[in-house]
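Chemist: Residue-level listing of the chains:
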Amino acid sequence: DTGVSQDPRHKITKRGQNVTFRCDPISEHNRLYWYRQTLGQGPEFLTYFQNEAQLEKSRLLSDRFSAERPKGSFSTLEIQRTEQGDSAMYLCASSLVGIDTQYFGPGTRLTVL
Amino acid sequence: GEDVEQSLFLSVREGDSSVINCTYTDSSSTYLYWYKQEPGAGLQLLTYIFSNMDMKQDQRLTVLLNKKDKHLSLRIADTQTGDSAIYFCAGSYIPTFGRGTSLIVHP
Chain G
1 DTGVSQDPRH KITKRGQNVT FRCDPISEHN RLYWYRQTLG QGPEFLTYFQ NEAQLEKSRL
61 LSDRFSAERP KGSFSTLEIQ RTEQGDSAMY LCASSLVGID TQYFGPGTRL TVL
Chain E
1 GEDVEQSLFL SVREGDSSVI NCTYTDSSST YLYWYKQEPG AGLQLLTYIF SNMDMKQDQR
61 LTVLLNKKDK HLSLRIADTQ TGDSAIYFCA GSYIPTFGRG TSLIVHP
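Protein chains in written order, with the working numbering: chain G, 1 to 113; chain E, 1 to 107.
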């Protein structure tokens with residue numbers, strides 16, 4: 001399967017714990033995006049990378065959230081000191097510069113108890 | 001980003017055509033997209049249209065773009081129960097998604 005993959009698919013954690021999600025984009029894609037989607041809403045943009053550079057961050061991305069893409073391939077999204085309001089689906093997408101068609105992964109469902 | 005508005009729900013009978021509408025505010029997108037999301041899944045790219053086109057047909061899907069009115073529509077011919085999902089329209093670069101349209105197909 002050469003699509004976008006995300007791991008884990010589901011994560012249950014207790015409030016205050018740290019969690020980390022991984023996204024592997026389509027191999028030749030140089031842009032990678034993170035979104036958050038809560039129930040009944042559309043995806044909300046969090047941040048995106050072009051190669052290893054983080055080019056834009058939403059105001060939604062509080063200082064408890066950090067994303068990396070160290071080698072310009074896979075990316076990780078870490079949430080520190082999770083809160084119940086962090087419960088959501090975290091979606092990753094990738095695209096090629098200049099084409100901008102985003103292909104989404106299956107998402108990671110986070111539940112904070 | 002752009003603001004996007006869609007009707008929240010659409011209910012159709014199996015075999016009928018479905019038309020999902022979208023209005024947007026930012027006209028700078030090079031492409032406009034339709035995505036489909038099934039429960040618990042990510043967004044699946046359905047089709048897209050280049051911003052200088054008026055219409056695109058792709059098998060059962062027809063996309064119409066009215067740039068003057070900033071209106072995009074998706075027509076699904078011969079709608080099937082497997083088409084039941086939430087549909088999102090989006091622009092390019094960093095799109096703003098609305099709440100999507102939940103399509104319910106009755107047998």
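The hints are simulated quantities; they were obtained by calculation from the structure and are not laboratory data. Remember, it's a predicted structure, so these values are computed and weren't measured experimentally. C-beta: ideal position from N, C-alpha, C; glycine also. Fair warning: there could be bad hints in the mix.
Listed next, the in silico BS3-like pairs over lysine-lysine satisfying Cα-Cα at most 27 Å (straight line) [as the list claims (entries may be wrong)]: (1) K68/E - K36/E; (2) K36/E - K57/G; (3) K36/E - K56/E; (4) K11/G - K67/E; (5) K56/E - K67/E; (6) K71/G - K57/G.
In silico contact screen, one side only, chain E against chain G (beta carbon under 7 Å); selected entries [stated by the list, open to error]: (7) F9; (8) P39; (9) G42; (10) L43; (11) F50; (12) S51; (13) K70; (14) F88; (15) G100; (16) L103; (17) P107.
Computed spacing ranges between beta-carbons, pair by pair [what the hints assert, rightly or not]: (18) K68/E - R109/G: 17 to 23 Å; (19) I104/E - R109/G: 21 to 27 Å; (20) S27/E - A53/G: 25 to 31 Å; (21) N30/G - M55/E: 29 to 35 Å.
Chemist: For every hint, state whether the structure bears it out.
Modeler: Consistency of the hints with the structure:
1. Of the pairs offered as hints, the one joining K68/E and K36/E holds, with about 25 Å between alpha carbons and a cut-off of 27 Å not exceeded.
2. Among the hinted pairs, K36/E with K57/G is consistent with the structure: their alpha-carbon atoms are about 25 Å apart, no more than 27 Å.
3. The straight-line distance between the Cα atoms of K36/E and K56/E is roughly 17 Å, inside the 27 Å bound, and the hint therefore holds.
4. Between K11/G and K67/E the alpha-carbon distance is near 42 Å, which puts this suggested pair outside the 27 Å criterion.
5. Straight-line distance between C-alpha atoms of K56/E and K67/E comes to about 14 Å, which keeps the hinted pair within the 27 Å bound.
6. With a C-alpha separation of about 19 Å, the suggested pair K71/G and K57/G falls inside the 27 Å cut-off, and the hint holds.
7. Given the 7 Å rule on beta carbons, the hint for F9/E is violated: about 12 Å separates it from the nearest Cβ of chain G.
8. Here the hint on P39/E is broken, as its CB sits about 11 Å from the closest CB of chain G, past 7 Å.
9. At about 4 Å, the closest approach between the beta carbon of G42/E and any beta carbon in chain G falls short of 7 Å, and the interface hint on this residue holds.
10. Here the hint on L43/E is kept, as its CB sits about 4 Å from the closest CB of chain G, short of 7 Å.
11. A distance limit of 7 Å between C-beta atoms decides the matter here; for F50/E the minimum to chain G is near 11 Å, and the interface restraint is violated.
12. Evaluation of the S51/E hint against chain G yields a violated restraint, the C-beta minimum of about 12 Å exceeding 7 Å.
13. Taking 7 Å as the C-beta cut-off, the interface hint given for K70/E is violated, the closest approach to chain G being about 18 Å.
14. A cut of 7 Å between beta carbons decides the hint on F88/E: the least distance to chain G is about 6 Å, and the hint holds.
15. Because the beta carbon of G100/E sits about 5 Å from the nearest beta carbon in chain G, less than 7 Å, this interface hint is met.
16. This hint is violated: L103/E has a C-beta 15 Å from the nearest C-beta of chain G, more than the 7 Å allowed.
17. Taken as an interface hint, P107/E does not check out: its beta carbon lies about 25 Å from the nearest beta carbon of chain G, beyond 7 Å.
18. At roughly 41 Å, the beta-carbon separation of K68/E and R109/G lies outside the given 17 to 23 Å, and the hint is violated.
19. I104/E and R109/G have their C-beta atoms about 23 Å apart, which keeps the hinted 21 to 27 Å range intact.
20. In this structure the supplied range 25 to 31 Å holds for S27/E paired with A53/G, their Cβ-Cβ distance being about 28 Å.
21. A beta carbon spacing of about 31 Å between N30/G and M55/E agrees with the range 29 to 35 Å that was offered as a hint.
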